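Trainee: Since chain A is already given, all that's left is putting chain B on it; use the hints.
Number of protein chains: 2
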Amino acid sequence: MEIEIVAIGNELLLGETVDTNSAAVARRLAEIGGRVVRVTMVGDDPERMAVVLREVRGRARWAIAMGGLGPTGDDRTRQVVAEVLGRPLVLDEEQLEIVKEKFRRFGYDEMPASNVSQAMVPRGARAVANPHGTAPGLVIEEEGFTLFVLPGVPKEMEALLEDAVLPALIEAAGKGAPVVESRVVHTVGIGESALAEKLEDLVESADPLEVAFLPRTGQVDVRLTAAGLPAEEAGARLTALAEAIAGRARPWFWGYDDTTLAEAIGETLRARGWVLAVAESCTAGLLGGEITTVPGSSEWFAGGVLAYSDEVKTSLLGIAGEDLAAYGAVSEETCRAMAAGARKVIGADVGCAITGIAGPGGGSEEKPVGLVFCGVATPEGAEVRRLTYPGSREDIRRRSVLTAMGMLLRACRGEGGAS
Amino acid sequence: MEIEIVAIGNELLLGETVDTNSAAVARRLAEIGGRVVRVTMVGDDPERMAVVLREVRGRARWAIAMGGLGPTGDDRTRQVVAEVLGRPLVLDEEQLEIVKEKFRRFGYDEMPASNVSQAMVPRGARAVANPHGTAPGLVIEEEGFTLFVLPGVPKEMEALLEDAVLPALIEAAGKGAPVVESRVVHTVGIGESALAEKLEDLVESADPLEVAFLPRTGQVDVRLTAAGLPAEEAGARLTALAEAIAGRARPWFWGYDDTTLAEAIGETLRARGWVLAVAESCTAGLLGGEITTVPGSSEWFAGGVLAYSDEVKTSLLGIAGEDLAAYGAVSEETCRAMAAGARKVIGADVGCAITGIAGPGGGSEEKPVGLVFCGVATPEGAEVRRLTYPGSREDIRRRSVLTAMGMLLRACRGEGGAS
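Top to bottom, those sequences are chains A and B.
Counted the way my numbering counts, the first sequence spans residues -3 to 415.
Counted the way my numbering counts, the second sequence spans residues -3 to 415.
Excised from the complex, chain A in its bound form (with noise of 0.2 Å):
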């Protein structure tokens, strides 16, 4: 089942906006068996909108047409999407009432006028209900083509792609759809060809699955995917090829799928009855809200000290002044110091402490930005690693969470040092 995409916004244009739509959409689409093969971004100019509808409705069975859908004037999908499959907008009287009971229920007296565009739909459109906000989703069917019309809003587009879109489709998809399976190995703390080379003849002798390599920042993922095989078959398959990847890519493999490297890591200090706690300079806190992005993290994480300032790594965290002075706040000793003081003073089994230069200003020639500690403490011992990362302040503060997280890892499941 073949779906198009087309994300409407100047703001996606001028680049103010990052189209996250699209992925959510796919990721979704993926699961019951629905493949995205074009995306296209559009601005909110009605007649470059119209052109790309064309295109899209000659050849295309199902698309999905997300935003501009709102009660601004910029607002423009409504009409163009009326214009271009010759439906004039009526106004839905039902989805007239869900918005004004909304406004009410919020505790405004009226709705404002500008909303009453939002009930407007191409004649013959049947509209959904918006749990999260205004403007429904339209589902608008033709002899050989259906299109779905979402809001761009993140929270209301995907609310409305379970309700309208996903019904649908799997309607339509019946039972002899192919299907297309994928897995997926994450690793952290690897380049993309050091990899490739330790897997080239699991790589090359994966056919009837593909195998493809996605370096993001600090990290590389391998996608195994498996098209047009029997789902039993192509199950088995995926989990022998994951399986032996991991084993081959440890101490760098941390997880499969939809698994988050602080999942891994909240799974390994679980499995040992530990309790963790932070001590962050440059980052600030980035690691402890990476590591509770987890469901029920307050089982196995207690908190933490942003000990961004000087004082505060002596006050709080107990770093005695002369060895601060003597080793500076950027310094193996100063780290090893954070990642016991985060244990001590919160009552945590292990500590994990990241301090460095992540710049733009404060580098010298001894200790340039990019100059980051990581260090991990736990019952079992220390380690502290000294790294040097390019890029910019974002990018520096976002490789030092993951280098600290896969130490962390690692020395949780008792391989510190490793790598």
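Just so you know, not all the hints are guaranteed correct.
Since the list gives no way to pick one copy over another, a pair counts as held whenever it fits inside one copy or between any two copies.
[To be verified] Below, simulated PhoX-like cross-link-like pairs (lysine-lysine); rule was C-alpha separation at most 25 Å, straight line: (1) Lys96 <-> Lys151; (2) Lys98 <-> Lys151; (3) Lys96 <-> Lys340; (4) Lys96 <-> Lys363; (5) Lys194 <-> Lys340; (6) Lys98 <-> Lys194; (7) Lys194 <-> Lys96; (8) Lys340 <-> Lys151; (9) Lys363 <-> Lys340; (10) Lys194 <-> Lys363; (11) Lys151 <-> Lys363; (12) Lys98 <-> Lys340; (13) Lys363 <-> Lys98.
Just so you know, these hints were derived from the structure itself, not from any lab.
Here the structure is a predicted model, which is why all the values come from computation and not from measurement.
Mentor: Relative to the frame of chain A, chain B by itself:
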């Protein structure tokens, strides 16, 4: 100057990677008066890639293709470009030497053989060395069509955008290029239609400027665009309207254009000579991490406590155990004590605290998932707000951070309690 983008990679169409590159390119092009008019995402399938590239070649004067230049077998952009433009691949000896040298510098004896493919370029193409990776950028000029081919890794893409794409576009633009200028006015804490109503008369009389509302989670941006006006007039009109909107939208207004909310807070703290500390429970560092995205934030940010467990709220923030037991960790009283505690234990002027139930578990009838308290304590007083947010754990944590930052900004401006 109108440009099309083609973003290539199965990972984009599978939703495993969000296409941040197109937005980055669009922002940079806008700065030199360029305009992205369409973005097409397509997978690694050579036939579909060829179809898209042929369409773009027939339609656009300028195009940038990104992705699929890696050393592994699923990277096919080079071959498809060669085929579509009718230019066979030839070895670029100079690029091969550059890549070999890189591997030597990284301490490898030899370049992996697969990297040779990265020095193959379509005949007549100009290769531009990649400072952050091994795949060079390509510039291919035809009569009436120029194609830039860039790697998909963001850092590499951005460097080659500067080195290969912008100089060519700027040169071609010459002096008579049409200028599109825009300004963005940022707000936090007010909804799209409420804001649109407050600004209705300003929007109606904006012509020849265009006004668009860009809602994001917890924030609404207003974008003003001037197309085709002389630069000086465009600048003056944009500034006048932006300032009028900012005045009308006070207290929700926080900045223009590339300013971030964290920068606005930093500026206000600096102006007051105040230093900030945070105390975070459910957000566990996201507030600290966001605040310190600003270079030089150590001037006005000292640190904080991630008080995820109740023990840490007591031991590090000095909240009395009986108060915690009486009111609960998620309560107005505890939030107030956390903000005050952050000020005191860190020795800061301002304390900002967040405590809540981010879910999906841990809610009760009295204290449901999504219940959050945000608090700010300054030398001038303290304020705590109780909020209830819908959505996922991620949504709730993100909105909590935004609300706390909005309160922080207003408190530091001496407008605490507004809205």
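Trainee: With identical chains treated as interchangeable, where does the CA-CA distance between Lys98 and Lys151 reach 25 Å or less: within a copy, between copies, both, or neither?
Mentor: within (17 Å within a copy, 44 Å between copies)
Trainee: At 25 Å max between alpha carbons, let me know whether Lys151 reaches Lys363 within a copy, between copies, both or neither.
Mentor: Answer is between; shortest inter-copy Cα gap is 23 Å, intra-copy 44 Å.
Trainee: With identical chains, the pair Lys194 and Lys340 could be close in the same copy or across copies; at 25 Å between alpha carbons, which is it: within, between, both, or neither?
Mentor: neither (40 Å within a copy, 53 Å between copies)
Trainee: First find the shortest C-alpha distance between Lys96 and Lys363 inside one copy, then the shortest across copies, and answer within, between, both or neither for a cut-off of 25 Å.
Mentor: Neither: 61 Å inside a chain and 29 Å across chains, both beyond 25 Å.
Trainee: Check Lys340 against Lys151 for me: Cα-Cα at most 25 Å, and say if that holds within a copy, between copies, both or neither.
Mentor: neither (41 Å within a copy, 39 Å between copies)
Trainee: For Lys98 vs Lys340, is the C-alpha pair at or below 25 Å within one copy, between two copies, both, or neither?
Mentor: neither (51 Å within a copy, 44 Å between copies)
Trainee: For the identical chains here, do Lys96 and Lys151 meet the 25 Å Cα criterion within one copy, between copies, both, or neither?
Mentor: For Lys96 and Lys151, the Cα distance is within 25 Å only inside one copy (20 Å; across copies 47 Å).
Trainee: Can you give me the call for Lys363 and Lys340, within, between, both or neither, at a CA distance of at most 25 Å?
Mentor: Classified as neither: same-chain Cα gap 28 Å, cross-chain 32 Å, threshold 25 Å.
Trainee: Between Lys98 and Lys194, at a C-alpha cutoff of 25 Å, which is it: within one copy, between copies, both, or neither?
Mentor: between (57 Å within a copy, 20 Å between copies)
Trainee: Since the copies are identical, ignore which copy is meant and state whether Lys194 and Lys96 lie within 25 Å (CA to CA) inside a copy, between copies, both or neither.
Mentor: For Lys194 and Lys96, only the inter-copy Cα distance (19 Å) is at most 25 Å; the intra-copy one is 61 Å.
Trainee: Is it within, between, both or neither when you check Lys363 against Lys98 at 25 Å Cα-Cα?
Mentor: This pair counts as between: shortest inter-copy Cα distance 24 Å, intra-copy 57 Å.
Trainee: First find the shortest C-alpha distance between Lys96 and Lys340 inside one copy, then the shortest across copies, and answer within, between, both or neither for a cut-off of 25 Å.
Mentor: neither (56 Å within a copy, 48 Å between copies)
When held up to the earlier numbered hints, the structure conflicts with 3, 4, 5, 8, 9, 10, 12 and fits the remainder.
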